[in-house]
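Engineer: Residues per chain, in single letters:
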Amino acid sequence: MSTPVLSVEGMTVQFPTRRGILTAVDDVSFSIKAGEVLGVVGESGAGKSMTGSAIIGLIEPPGRISSGQVFLHGERIDTLPAEKMRRVRGRKIGMIFQDPLTSLNPLYTVAEQLVETIRTHLPLSAADARKRAIGLLDDVGIPDASRRIDDYPHQFSGGMRQRVVIALALCADPDLVIADEPTTALDVSVQAQIIDVMKKLCAEKGAAIMLITHDMGVIAEIADRVAVMYAGRLAEIGPVRKVISDAAHPYTKGLMGSIPSLLSDAERLTQIPGSMPRLTAIPQGCPFNPRCSYAFDRCYIERPDPLPHDERRVACWLYDKEEALS
Amino acid sequence: MLAFILKRLAQSVLVMLVVALISFTMFRYVGDPVASLVSQEASIADQEQLRERLGLNDPIVEQFFRFVGNALQGQFGISYRLQQPVSELILSRLPATIELAFASATIALTLGIILGVFTALKPQSPVSGGVMAFSLVGVSLPTFLIGIALIYIFAVELQWLPSFGRGDVVDLGWWNTGLLSESGLRSIILPAITLSLFQMTLIMRLVRAEMLEVLRADYIKFARARGLTDRAVNFGHALKNTLVPVITITGLQLGSVIAFAIITETVFQWPGVGSLFINSVAVVDVPVMAAYLMFIALVFVVINLIVDILYYLVDPRLRVGGARGGH
Ligand SMILES: Nc1ncnc2c1ncn2[C@@H]1O[C@H](COP(=O)(O)OP(=O)(O)OP(=O)(O)O)[C@@H](O)[C@H]1O
Ligand code: SF4
Ligand SMILES: [Mg+2]
Numbered sequence: 001m002s003t004p005v006l007s008v009e010g011m012t013v014q015f016p017t018r019r020g021i022l023t024a025v026d027d028v029s030f031s032i033k034a035g036e037v038l039g040v041v042g043e044s045g046a047g048k049s050m051t052g053s054a055i056i057g058l059i060e061p062p063g064r065i066s067s068g069q070v071f072l073h074g075e076r077i078d079t080l081p082a083e084k085m086r087r088v089r090g091r092k093i094g095m096i097f098q099d100p101l102t103s104l105n106p107l108y109t110v111a112e113q114l115v116e117t118i119r120t121h122l123p124l125s126a127a128d129a130r131k132r133a134i135g136l137l138d139d140v141g142i143p144d145a146s147r148r149i150d151d152y153p154h155q156f157s158g159g160m161r162q163r164v165v166i167a168l169a170l171c172a173d174p175d176l177v178i179a180d181e182p183t184t185a186l187d188v189s190v191q192a193q194i195i196d197v198m199k200k201l202c203a204e205k206g207a208a209i210m211l212i213t214h215d216m217g218v219i220a221e222i223a224d225r226v227a228v229m230y231a232g233r234l235a236e237i238g239p240v241r242k243v244i245s246d247a248a249h250p251y252t253k254g255l256m257g258s259i260p261s262l263l264s265d266a267e268r269l270t271q272i273p274g275s276m277p278r279l280t281a282i283p284q285g286c287p288f289n290p291r292c293s294y295a296f297d298r299c300y301i302e303r304p305d306p307l308p309h310d311e312r313r314v315a316c317w318l319y320d321k322e323e324a325l326s
Numbered sequence: 001m002l003a004f005i006l007k008r009l010a011q012s013v014l015v016m017l018v019v020a021l022i023s024f025t026m027f028r029y030v031g032d033p034v035a036s037l038v039s040q041e042a043s044i045a046d047q048e049q050l051r052e053r054l055g056l057n058d059p060i061v062e063q064f065f066r067f068v069g070n071a072l073q074g075q076f077g078i079s080y081r082l083q084q085p086v087s088e089l090i091l092s093r094l095p096a097t098i099e100l101a102f103a104s105a106t107i108a109l110t111l112g113i114i115l116g117v118f119t120a121l122k123p124q125s126p127v128s129g130g131v132m133a134f135s136l137v138g139v140s141l142p143t144f145l146i147g148i149a150l151i152y153i154f155a156v157e158l159q160w161l162p163s164f165g166r167g168d169v170v171d172l173g174w175w176n177t178g179l180l181s182e183s184g185l186r187s188i189i190l191p192a193i194t195l196s197l198f199q200m201t202l203i204m205r206l207v208r209a210e211m212l213e214v215l216r217a218d219y220i221k222f223a224r225a226r227g228l229t230d231r232a233v234n235f236g237h238a239l240k241n242t243l244v245p246v247i248t249i250t251g252l253q254l255g256s257v258i259a260f261a262i263i264t265e266t267v268f269q270w271p272g273v274g275s276l277f278i279n280s281v282a283v284v285d286v287p288v289m290a291a292y293l294m295f296i297a298l299v300f301v302v303i304n305l306i307v308d309i310l311y312y313l314v315d316p317r318l319r320v321g322g323a324r325g326g327h
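Chains as they are written, first to last, in my numbering: chain A, 1 to 326; chain B, 1 to 327.
Read the hints as simulated data drawn from the structure, not as lab findings.
We put the beta carbon where it would ideally sit given N, CA and C, even for glycine.
Among the hints, a few may not be true.
Incomplete in silico selection of chain A near chain B, CB under 7 Å [claimed, not checked]:
{"hint": "1", "residue": "S29"}
{"hint": "2", "residue": "S31"}
{"hint": "3", "residue": "F71"}
{"hint": "4", "residue": "K84"}
{"hint": "5", "residue": "R86"}
{"hint": "6", "residue": "G90"}
{"hint": "7", "residue": "R91"}
{"hint": "8", "residue": "M95"}
{"hint": "9", "residue": "F97"}
{"hint": "10", "residue": "S103"}
{"hint": "11", "residue": "L104"}
{"hint": "12", "residue": "T120"}
Computed list of chain B residues with no C-beta within reach of chain A, every gap over 10 Å [claimed, not checked]:
{"hint": "13", "residue": "L2"}
{"hint": "14", "residue": "L50"}
{"hint": "15", "residue": "A133"}
{"hint": "16", "residue": "F154"}
{"hint": "17", "residue": "W160"}
{"hint": "18", "residue": "L172"}
{"hint": "19", "residue": "L228"}
Let the hints inform the model, and build the full structure from the sequences given.
Structural biologist: Following this line, the structure appears as structure tokens:
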């Protein structure tokens, strides 16, 4: 089997703060194959965005990857010098953020931003870069691209701006696209279109996608595998059909309890009583133990690591072999 | 664009009319214009005759419009003190003030932006800490103290630079400049630095705050995520966005540089309109004071207008009429 596009091994991200060291991402391991879509879910503050930022090398100091490794096509990238890592960003890994209204620089036209990015990574003349830019805008479904390319961001609607953002993230044909809640800020009516455009383009270009979202519907629709994060750790990771229809981790069960109903976020959260612990005050043992109705003695002492279980990995003592045997 | 400029122009005219009214009121009612013009011994009849001749008995509205009409032609009467037309006096002093203001605005803008950007990009550097501490001194010490300190160090102790005056002035006919002679250039250094210090620290702190704000913006994060070079991100994307609000404020500051040149001009005996004004206040030379008021107002209004137009040119959100918001 070929090497995965992205492989994260035991990655931990820490922030030194006045009240001690805050671990935002804790010993996370996963990989994504070419053409695969990995969905990442979990409640607010679980460390989803931080995982994305760490992979692309953009954690705000004083935060840093304190241990673990990140590989792109088998090549280690978390230790690359700043200048080399910059060349990876945008070229090998594209990133799409949540809010298309604020992701584009208001003072430059779409053409200027596209051409600048393309020419940063590819040896093209200004004219060729512009041609490529128009092609990209066509691809992401912006009508009349050759005319609209010279407009400023504020002249586009939210959905159209997110298409521009996608074009920018894909303009140097990256191998991996990290999309951090790409549709959360958009009208429900355009969310599906944006996801379609992204999925279609990545499929055409063979790019892998790491899709961070709160929307289980989207995960069910386009993800191949899904990772569930809780308090900076992986709770469960595996094929979508398994994790969604037959959740193993008690936290995932709670999360999936709402699928495919149309509950609002507030109602969804009430599925699991209590809230995620503050990252500076993670309980001993399993971080989910205060909210878990299955918790038993061991859960309060030892912290479970994600271990293989039924085509996936689950971080829960309920599925530990020894436990099952005893 | 044209409609925008016309609207701004109309507003400017309105502002100038209001200032003219204040200026006129001062001109007409502070002290007695007739008493200031005639000698002590003049008879009541003579005074009355002069009053009639000057039109001081006409209806007040008529007098105001005559005042505005004269002002439009650059006539503000005769200085009581110097017995010269006020407009001539101001025009002859204007080059000194304008050169000083531009020299100090250039210093303030250049250093202010450079230091502001530096302290924003390298907040942890000890140099930034030093600059920030120094900037506190700049905003809190009064101008005249800074001026006197500079004179003491560079003119009295080190004797590097002259302590007062404008040096040798070259007459270009329509303008007299101190920037073409060595003594003139040496003379402008201390007053320009003195006058610039306050604005410089202000601009620096403004640029720093704006830049820090902009650096946190999503489009900067996205620009980095696209792999643009630090240079492109910091100077192409962040600095340009920082400068939009900075333009407005520094532009308006230029107006206050000219207005507050009064103190610096006095400390350095700089022969500009500011010191003319101070000398006129001392002897209640009302025509000069009234004209100075109008002049400063005009400076502010014109600068405001220019700033608005610049702002309009820099920010496409204002320039491109009515967002299409298409799909
Ligand atoms: N600069 C920082 N310093 C300290 N802690 C930080 C910093 N940035 C983020 N964190 C912490 O890291 C944790 C993970 O944040 P992250 O943004 O990854 O959450 P998320 O899962 O993306 O949540 P959301 O769904 O709200 O986007 C949060 O608890 C946050 O408090
Ligand atoms: S390890 Fe224990 S507390 Fe944690 S999820 Fe499993 S059962 Fe619940
Ligand atoms: Mg997030």
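Engineer: If a hint holds in the structure, say so; if it does not, say that too.
Structural biologist: Against the structure, the hints:
Because the closest C-beta pair between A:S29 and chain B is about 23 Å apart, greater than 7 Å, the hint is violated. Hint status for A:S31: violated, given a least beta-carbon distance of 21 Å to chain B, over 7 Å. Among the interface hints, the one on A:F71 is violated; its C-beta lies about 19 Å from the nearest C-beta in chain B, farther than the 7 Å criterion. At its closest, the beta carbon of A:K84 sits 11 Å from a beta carbon of chain B; the interface hint therefore is violated under the 7 Å criterion.
A least Cβ separation of about 5 Å between A:R86 and chain B falls short of the 7 Å threshold, and the interface hint therefore holds. The beta carbon of A:G90 is positioned within 7 Å of a beta carbon in chain B (closest approach about 3 Å), and the interface hint is therefore held. Because the closest C-beta pair between A:R91 and chain B is about 6 Å apart, less than 7 Å, the hint holds. Below 7 Å, beta-carbon pairs count as interface contacts, and A:M95 has one with chain B at about 4 Å; its hint therefore holds.
With 7 Å as the threshold, the beta carbon of A:F97 comes within range of chain B, its nearest partner Cβ sitting at about 6 Å, so the hint holds. Against a cut-off of 7 Å between C-beta atoms, the interface hint on A:S103 holds, since the closest Cβ of chain B lies about 4 Å away. A least Cβ separation of about 6 Å between A:L104 and chain B falls short of the 7 Å threshold, and the interface hint therefore holds. Evaluation of the A:T120 hint against chain B yields a held restraint, the C-beta minimum of about 6 Å falling below 7 Å.
Separation of B:L2 from chain A is adequate, the least Cβ-Cβ distance of about 21 Å exceeding the 10 Å criterion. Listed as a non-interface residue, B:L50 keeps its Cβ farther than 10 Å from every Cβ of chain A; the least gap is roughly 62 Å. Every beta carbon of chain A lies more than 10 Å from that of B:A133, the smallest distance being close to 23 Å; the non-interface claim holds. For B:F154, the non-interface assignment is confirmed: its Cβ lies about 41 Å from the closest Cβ of chain A, beyond the 10 Å cut-off.
Against the 10 Å criterion, B:W160 stays outside the reach of chain A, whose nearest CB is about 44 Å from its own CB. Residue-level check passed: B:L172 sits 40 Å from the nearest beta carbon of chain A, beyond 10 Å. Once the 10 Å rule is applied to beta carbons, B:L228 is inconsistent with being away from chain A; the minimum gap is 6 Å.
Hint check: violations occur at hints 1, 2, 3, 4, 19; the rest are consistent with the structure.
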